[in-house]
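A.B. asks: In case you want the letters, here they are:
2 protein chains.
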Amino acid sequence: MDYQIIETKERLKADLEAAARGNRALTAAHGCVLVNLMGSPGAGKTSVLLRLVEALGREYAIGVMEADVDSDVDAKTMAAAGVRVIQLHTAGLCHMDADMTARGLAAMGVEGLDLVFLENVGNLVCPAEFEVGADLRMMILSVPEGDDKPLKYPLMFTISDVLLINKTDVMPVFDFDLAKAEARARALNPAVRFVPVSAKTGEGFDAVAALLREAVEKKKVRHEDH
Amino acid sequence: MDYQIIETKERLKADLEAAARGNRALTAAHGCVLVNLMGSPGAGKTSVLLRLVEALGREYAIGVMEADVDSDVDAKTMAAAGVRVIQLHTAGLCHMDADMTARGLAAMGVEGLDLVFLENVGNLVCPAEFEVGADLRMMILSVPEGDDKPLKYPLMFTISDVLLINKTDVMPVFDFDLAKAEARARALNPAVRFVPVSAKTGEGFDAVAALLREAVEKKKVRHEDH
Chain A
1 MDYQIIETKE
11 RLKADLEAAA
21 RGNRALTAAH
31 GCVLVNLMGS
41 PGAGKTSVLL
51 RLVEALGREY
61 AIGVMEADVD
71 SDVDAKTMAA
81 AGVRVIQLHT
91 AGLCHMDADM
101 TARGLAAMGV
111 EGLDLVFLEN
121 VGNLVCPAEF
131 EVGADLRMMI
141 LSVPEGDDKP
151 LKYPLMFTIS
161 DVLLINKTDV
171 MPVFDFDLAK
181 AEARARALNP
191 AVRFVPVSAK
201 TGEGFDAVAA
211 LLREAVEKKK
221 VRHEDH
Chain B
1 MDYQIIETKE
11 RLKADLEAAA
21 RGNRALTAAH
31 GCVLVNLMGS
41 PGAGKTSVLL
51 RLVEALGREY
61 AIGVMEADVD
71 SDVDAKTMAA
81 AGVRVIQLHT
91 AGLCHMDADM
101 TARGLAAMGV
111 EGLDLVFLEN
121 VGNLVCPAEF
131 EVGADLRMMI
141 LSVPEGDDKP
151 LKYPLMFTIS
161 DVLLINKTDV
171 MPVFDFDLAK
181 AEARARALNP
191 AVRFVPVSAK
201 TGEGFDAVAA
211 LLREAVEKKK
221 VRHEDH
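Keeping their order, the protein sequence lines are chains A and B.
Going letter by letter, the first sequence gives residues 1 to 226 in my numbering.
Going letter by letter, the second sequence gives residues 1 to 226 in my numbering.
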């Protein structure tokens, strides 16, 4: 009985690793940066994306893949912001994997895009386990969720390149210690880029835009070298 | 290849259904109500439990199973509140299933308890898919998460008997429409018991305590009938 489960898992794992490599090859061929944006339901993924489109939309051609268990409310919002958008329904699944991401990239088309965001399913656990082939893994922890979350959901904090602390505007009404949150995240991931932001007021988005700009320019240089 | 996956899944499903029946039989034998408490990270599951222990701890013997991917911060908090507590580590898994719940119940012991809470892993997707054999499925949606969550995570709202809207105290600083949240939840689940609460101020907990009292008394009558 057991060996069947293992065999299935290994086959699936190998397939997903191949799909992630395929996604990397595709975005490299087009000099386009893929960002995997993760966080709990309500952490502010869509609002953060709207701010980033506002900050970078004049410099770069941006695409957004909205992954949801159901609904297309986020895709409607993003389409209204004037970027290339596709809605992906996971049909109950709690995360995006590399294969689903490959289908999304193919259906949306990355030709002519500089920056593609995958807005993952709202979930602080499962998406962390699935490498989709992104250049940057960006997670959002929002102030109302609490500064203890790195202790309770360590994997997401460990695998993320960028950690945004969103909703800093409501800091006064919540018992959230920014220094504690940063120390707990750095204990798991010393190199993480830690950026407090407020999608409501716009605070902190210059810094996020700068690090995305850096990633896009670096990938363009590599692309042009070929 | 395919039939192996199906076989594995069906075996697992049958095992979990048997474990859920076993949990129901165990709690029935002890006249004890099992509540599966679910919600996103930071929705306020532990704070809500502390309020319920405060409201019901003099009438009933209460047990709490704290399920976390990692850490034991919640178990420490609950133990300080003077209830029987056990910490369950899911070792990376994003939900509790009936078999893990059975192990928790056995390790904690339900003898002499009237009410047992399973604080599930913080996740608005996966725990909804796993029936653990609970008498009541209680979910928490917190105001900062937004009133659109029933549209985006429909299964959790569909399978819950009780929906608590927590953090009503911060309603003034968030754009959350209580009537919209209720209408969206009822469209999926007309019979859901909808209770706005604030674990910070204590608002609404009389109503939650009343419905838990009702569940305990009903189960005690059934237990004494045997």
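Any given hint could be a false lead.
For chains that are exact copies, the list does not tell them apart, and a pair is met inside one copy or across any two.
[What the hints assert, rightly or not] When the alpha-carbon atoms are kept at most 25 Å apart in a straight line, the in silico PhoX-like pairs for lysine-lysine are as follows: (1) K200 x K180; (2) K76 x K200; (3) K180 x K76; (4) K180 x K218.
Hints were generated in silico from the structure; no laboratory data involved.
A.B. asks: State for each hint whether it applies.
C.D. replies: Taking the hints in turn, this is what the structure says about them:
no. : hint        : verdict
1   : K200 x K180 : both (23 Å within a copy, 21 Å between copies)
2   : K76 x K200  : within (19 Å within a copy, 35 Å between copies)
3   : K180 x K76  : between (37 Å within a copy, 19 Å between copies)
4   : K180 x K218 : neither (32 Å within a copy, 45 Å between copies)
Comparing the model with each numbered hint stated earlier shows that hint 4 is the single one that does not hold.
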